[in-house]
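Number of protein chains: 2
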Amino acid sequence: MQLHQSSVAELQQWESELAREYAAHQAANLNLDLTRGKPSAEQLSLSDALDGILGGNFKDEDGNDVRNYGTLEGIVSARRLFAQFMQVQPDEIIVAGNSSLTLMYQTQEFAMYQGLPECEAWSKQGGPVKFLAPVPGYDRHFGVSQHLGIELVPVAMNDNGPDMDQVEALVAADPMIKGIWCVPRFSNPTGIVYSDSVVERLARLPKIAGKGFRIFWDNAYAYHILDEDAPELADIFALAKQFGTADNIYMFGSTSKITFAGAGVAFLAATPANLKEFLKHVGWSQINPDKVNQLRHVRFLKNMDGVRALMKQHAALLKPRFDAVLQQLSGLNNLGMASWTEPRGGYFISVDVLPGLAKQIVKMAADAGVKLTPAGATWPAGNDPQDRNIRLAPSVPTVPEIVKATEVFVTCVKLASVRQELAKRS
Amino acid sequence: MQLHQSSVAELQQWESELAREYAAHQAANLNLDLTRGKPSAEQLSLSDALDGILGGNFKDEDGNDVRNYGTLEGIVSARRLFAQFMQVQPDEIIVAGNSSLTLMYQTQEFAMYQGLPECEAWSKQGGPVKFLAPVPGYDRHFGVSQHLGIELVPVAMNDNGPDMDQVEALVAADPMIKGIWCVPRFSNPTGIVYSDSVVERLARLPKIAGKGFRIFWDNAYAYHILDEDAPELADIFALAKQFGTADNIYMFGSTSKITFAGAGVAFLAATPANLKEFLKHVGWSQINPDKVNQLRHVRFLKNMDGVRALMKQHAALLKPRFDAVLQQLSGLNNLGMASWTEPRGGYFISVDVLPGLAKQIVKMAADAGVKLTPAGATWPAGNDPQDRNIRLAPSVPTVPEIVKATEVFVTCVKLASVRQELAKRS
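Protein sequence lines correspond, in order, to chains E and F. Read left to right, the first sequence gives residues 28 to 453 (my numbering). Read left to right, the second sequence gives residues 28 to 453 (my numbering).
Because the hints were derived from the structure by calculation, they are not lab data. Fair warning: there could be bad hints in the mix.
Since the list gives no way to pick out one identical chain from another, each pair is judged satisfied if it fits inside one copy or across any two copies.
No more than 27 Å apart at the CA atoms, straight line, and that leaves these computed lysine-lysine pairs for DSSO-like [stated by the list, open to error]:
{"hint": "1", "residue 1": "390", "residue 2": "451"}
{"hint": "2", "residue 1": "151", "residue 2": "329"}
{"hint": "3", "residue 1": "339", "residue 2": "86"}
{"hint": "4", "residue 1": "307", "residue 2": "238"}
{"hint": "5", "residue 1": "238", "residue 2": "451"}
{"hint": "6", "residue 1": "151", "residue 2": "398"}
{"hint": "7", "residue 1": "268", "residue 2": "386"}
{"hint": "8", "residue 1": "451", "residue 2": "346"}
{"hint": "9", "residue 1": "234", "residue 2": "346"}
{"hint": "10", "residue 1": "390", "residue 2": "151"}
{"hint": "11", "residue 1": "431", "residue 2": "346"}
{"hint": "12", "residue 1": "451", "residue 2": "151"}
{"hint": "13", "residue 1": "303", "residue 2": "268"}
{"hint": "14", "residue 1": "386", "residue 2": "451"}
{"hint": "15", "residue 1": "339", "residue 2": "234"}
{"hint": "16", "residue 1": "307", "residue 2": "386"}
{"hint": "17", "residue 1": "234", "residue 2": "86"}
{"hint": "18", "residue 1": "86", "residue 2": "238"}
{"hint": "19", "residue 1": "398", "residue 2": "303"}
{"hint": "20", "residue 1": "86", "residue 2": "451"}
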């Protein structure tokens, strides 16, 4: 039965069946949670050997005693390993503390208030500073900019990345647009991978932008594949070097969803000129990152083969969970009520429901004991103008819990959609 | 022989003896370092059990899985332990990452640009923002303010703390003075402890200050005593509660010189209203501090008895080093060339040489293979107007190395002083 092709009588019949189904869910006193893109305890346990792995040897390969002060840029062995991870040279990366979000905040803060190697700070260029925000996107990215007084300009997110026609037109017209937020592989929340063409156009973008333009390339899910044949991401830094725009790229990564989510290491990859400027500023607020934890990570992960082997173990835990969601969502096939992504990696499935229903569906699910990410969270200031995007994060619950939670979600989508259609017809 | 009472002939004789002594030091090809207030490898090894102490148990006492995301304010067991450490209640402290300097930077940044619970941000109050800097003081404190665009106003540091007559007069006269930097126990670099009367006057200070005044109370050496009977520090927070100024105090501490210098945990103690405001801002730049390391610290230190026992082991390593410096410095007794502090705790000995000679002496020592902290480092922007303060940090070298380094230093002080006196007489 397709929503728009049903008669009012059919819809009424459907509504009463769905209402009974929903009431049954409510009566079951569920307590399920699909809100946060965080690893499960099983995933975290894959890295338990981190604690104690140093075995009393606190010296890095160059003799650096990681227990003491110093080495703001991170230890050499970690810079070499994570340079390979980020596909850059060791002098093109610094390794920091447990949060790549902090690195994004700091780079944006310094660009906003302190200055950049090639020009004065954004805030001193006369006029409100703006940033492009592909939507739906990651709420915490948007929060960084907003907290620093930067205005977010939403641009559409397509299946192959941000809408580059729109991006280029905006950037060419307004030199106060100083950057763009990107999660290029398994984007949060849609799970898409930027196409080669989008990456190439992004690498050229600084050529038409104002002074001090920066692409914030948060490659948070670079190795977080669910399928061996998931699409690869083009190398933006190599392209940018070719186009003379390498200084306009900040690339971020971390081991947060590789080892311990709250106690990994994060890194910033960029040209040596950008890193030198960053260290100059960040050195006023800290002596060094936690180098002991950096050395733990080097000893535990060993090399990129170690990283990939660990990510396969994660995939083995995550894939059945994603499959469970998609299996349940297939109950919405051909009803004209929703569309969703089938990501090949990352942590999220993004569902678009009928306009005006996202908030209501999230509330209905909550009332039946299924917590979902607040509707609108994927838009700047939490405001989805069409009120239609919902993010599902299935990493933490067990497969049976996910089946149940998604079943409830599907009931909510159907019931809300049928009621909306009935209201329209009356 | 006293410098000013010596005849020119005596001075010339002295100069040639000292020049020979200095040349002998130079010929010895020394490579000694008294620059940084950092622990020695022996001290760091006292805490090697930190790595591996969790033994696979990553749950805090309330069941919090410390490996995962969340708990921006720090884990409950760490808040309880470090609340005792800072003599506050558990809801008056948050536990953070490995750097208290970062907490100082963040609190100052938010006060400068974002706002405070009771008023708008300092930078929005119309007029250049100023901070009082007791001198000599800690260069990294001064750096935080300067990087944030805050002007430093030097005030004199006496044997009992900052010159409070001067402090009160300045604060009462200028509402744009928004705070004061304090290292109240074993001050960096003079090693003095603020007297009860100074602490009480500081606790009252906000009553005569402008809006949003904050005392930055960096109690970095609270437990870092060299002598069991070292003077205690009055409880500024208790006094401030009495005077109604508790919201004007930010207190900082860390385990940097207790466990691993570069990989400890830091904390901010303040009123719940201040902490709430802080978390609101800092939450835009991070999900959580490294809670695994917090739990390691709780399991390792156990309680305040554990902290004190560990600090006694540190003192056993530090005390002979300080004694070695003081023993050598006694060679300058009654010469009219220098005065110095005899600290009962902390990491530094502060030497005042004759005006105009500090830079020269530091250079002479360097030329003889003894690295000292750059002269002026203890003043805002590295500018000691009298060019006379030199900071000695004897924690890292061995006792024989310290004896040798201080011997060289003493020769440099004498030679520079005699030459200056000779130049005056000619």
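So, going through the hints one by one against the coordinates:
1. Taking the closest pair of Cα atoms, residue 390 and residue 451 come within 27 Å of each other only inside a single copy of the chain (21 Å); across copies the shortest separation is 85 Å, beyond that limit.
2. Proximity of residue 151 to residue 329 under the C-alpha cut-off of 27 Å is found in neither arrangement, the shortest distances being 44 Å within a copy and 50 Å between copies.
3. For a Cα distance limit of 27 Å, the shortest separation of residue 339 from residue 86 across copies, 26 Å, qualifies, whereas the shortest one inside one copy, 30 Å, does not.
4. For the identical chains of this complex, residue 307 and residue 238 are intra-copy neighbours only, at 20 Å inside a copy versus 32 Å across copies, given an alpha-carbon limit of 27 Å.
5. Taking the shortest alpha-carbon separations for residue 238 and residue 451, neither the intra-copy value of 50 Å nor the inter-copy value of 56 Å comes in at or below 27 Å.
6. Taking the closest pair of Cα atoms, residue 151 and residue 398 never come within 27 Å of each other, the shortest separation being 43 Å inside a single copy and 40 Å across copies.
7. Neither within a single protomer nor between protomers do residue 268 and residue 386 lie at most 27 Å apart by alpha-carbon distance, with minima of 44 Å and 45 Å respectively.
8. In this assembly of identical chains, residue 451 and residue 346 lie within 27 Å of each other by CA distance neither inside one copy nor across copies; the values are 39 Å within and 83 Å between.
9. Proximity of residue 234 to residue 346 under the C-alpha cut-off of 27 Å is found in neither arrangement, the shortest distances being 40 Å within a copy and 61 Å between copies.
10. Within a single copy, residue 390 and residue 151 get their C-alpha atoms no closer than 44 Å, and across copies no closer than 40 Å, so neither meets the 27 Å cut-off.
11. In this assembly of identical chains, the alpha carbons of residue 431 and residue 346 lie at most 27 Å apart only when taken from the same copy (17 Å versus 65 Å across copies).
12. In this assembly of identical chains, residue 451 and residue 151 lie within 27 Å of each other by CA distance neither inside one copy nor across copies; the values are 51 Å within and 51 Å between.
13. Proximity of residue 303 to residue 268 under the C-alpha cut-off of 27 Å is restricted to the intra-copy arrangement: shortest distance 18 Å within a copy versus 44 Å between copies.
14. For the homomeric pair residue 386 and residue 451, the shortest alpha-carbon distance inside one copy (18 Å) is at most 27 Å, but the shortest distance between copies (83 Å) is not.
15. With identical chains, the CA atoms of residue 339 and residue 234 are never at most 27 Å apart, being 39 Å at best within one copy and 61 Å at best between copies.
16. In this homomeric assembly, residue 307 and residue 386 come within 27 Å of each other (Cα to Cα) only across copies, at 25 Å, whereas the closest approach inside a single copy is 45 Å.
17. Taking the shortest Cα distances, residue 234 and residue 86 never come within 27 Å of each other, neither inside one copy (44 Å) nor across copies (51 Å).
18. Taking CA atoms no more than 27 Å apart as the test, residue 86 paired with residue 238 passes in neither setting, with 43 Å inside one copy and 48 Å between copies.
19. Only between protomers do residue 398 and residue 303 lie at most 27 Å apart by alpha-carbon distance; the minimum there is 26 Å, versus 44 Å within a single protomer.
20. In this assembly of identical chains, the alpha carbons of residue 86 and residue 451 never lie at most 27 Å apart, being 70 Å within a copy and 52 Å across copies at closest.
Violated hints, in rising order: 2, 5, 6, 7, 8, 9, 10, 12, 15, 17, 18 and 20; the structure is consistent with all others.
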